[in-house]
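A.B. asks: Sequence:
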Amino acid sequence: MIINVKTSSGNYDITLKRNALNEVNSILNIKGKALIVTDSGVPEIYAKTVAGQIENSVIYTFPQGEQSKNFEVYSALLKALAENKFDRKDCVIAVGGGVVGDMAGFTAATYMRGISFYNIPTTLLSQVDSSIGGKTAIDFLGYKNLVGAFYQPKAVIIDPNVLNTLTDRQFNNGLSESIKMAATSNSELFELLENNNAKDIIDTVIEKSLLIKKAVVEEDEKETGLRKVLNFGHTVGHAIETVTGLNELYHGECVALGMMFMSSGEPKERIAELLIKNNLPIKTSFDREAVFEALQHDKKSAGSGVNAVFVDKIGEFSFKFLEFSEIYKLLKGVS
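Sequential numbering from 16 applies to the sequence shown in this note's numbering.
Hint data in this document are derived by calculation from the structure and do not stem from the laboratory. All residues carry an ideal CB built from backbone N, CA and C; glycine is no exception. Some hints could be false.
Estimated spans, in silico, between C-beta atoms of each pair [unchecked claim]:
id, residue 1, residue 2, range
1, 183, 60, 36 to 42 Å
2, 214, 70, 35 to 41 Å
3, 25, 343, 39 to 45 Å
4, 300, 41, 35 to 41 Å
5, 71, 17, 23 to 29 Å
6, 80, 41, 40 to 46 Å
Produce the complete structure using the sequences and hints provided.
C.D. replies: Structure (structure tokens):
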């Protein structure tokens, strides 16, 4: 199926189709050069499959992990473009997870003030969340996504077949983002996940998650209002991710933990049960003072506090401004 996303900076199609990885150039019709960006954790065959369909392509592979979202790797990608004489008619293609998408997208956004960017996400997390919406960024001074840009892709290709090579932990890591979106915006999807094995219905989960994010991004491309709903679980989650070194816990696992702070009553119980069902954490030990310090540097902080997303009923959400003193009490209450 094809899902069209409409934004102020242009419209683009998301192609959701099994075996789409073998149909990349018939979908994208690349004419110029392509820098195919991947990392060492992505099966080599994926980037090679894409490269084999494009006449003039260069593959650049950087080390796997959040620690690669830095200026050193960013500079190396720019160097690869410059040394291979890429110009504004050429493109960058991400083949990998969220880190690859961030690095490739930010590089495309800034090289020659912007060249075409295509995203082929290979993890569940990137397929349902980070591959669409135009957020690109790198980490700086130990803080996640501190330097970045909004830069929409020209197209996104999602092939569920590539998920077969994920570990169970990586699969569940991505599923956390779908649980997040279902909790805030789609009670039917939440119930579907409650009543089924996610792997058995993954095409439906991806589709429904994409439709949620599409609706949010189209209404609020630059995250000035509604799009903040996508931050459910991220307020505390990002801070935990920062404190644990950006690599001890996966992003989706940190989001799972963060959801526990921003829900209560029956919704919290149902979210917790669904997270446990999918081997995602609902409690962890952490340095409360360090998490509180990191949270104050979060992009969502505003003056004396943070705009946070709460779920008081499955499928619905509310925005609440929390003073830092209130957040400190929240952190103290869960360990």
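A.B. asks: If a hint holds in the structure, say so; if it does not, say that too.
C.D. replies: These are the hints, each one checked on the structure:
1. 183 x 60: 36 to 42 Å: Given range 36 to 42 Å: violated, Cβ gap about 21 Å.
2. 214 x 70: 35 to 41 Å: 37 Å Cβ-Cβ, so the 35 to 41 Å window holds.
3. 25 x 343: 39 to 45 Å: holds, 42 Å
4. 300 x 41: 35 to 41 Å: The hint (35 to 41 Å, Cβ to Cβ) is violated, given that residue 300 and residue 41 are roughly 50 Å apart.
5. 71 x 17: 23 to 29 Å: holds, 27 Å
6. 80 x 41: 40 to 46 Å: violated, 33 Å
Of the numbered hints stated above, those contradicted by the structure are hints 1, 4, 6, listed in ascending order.
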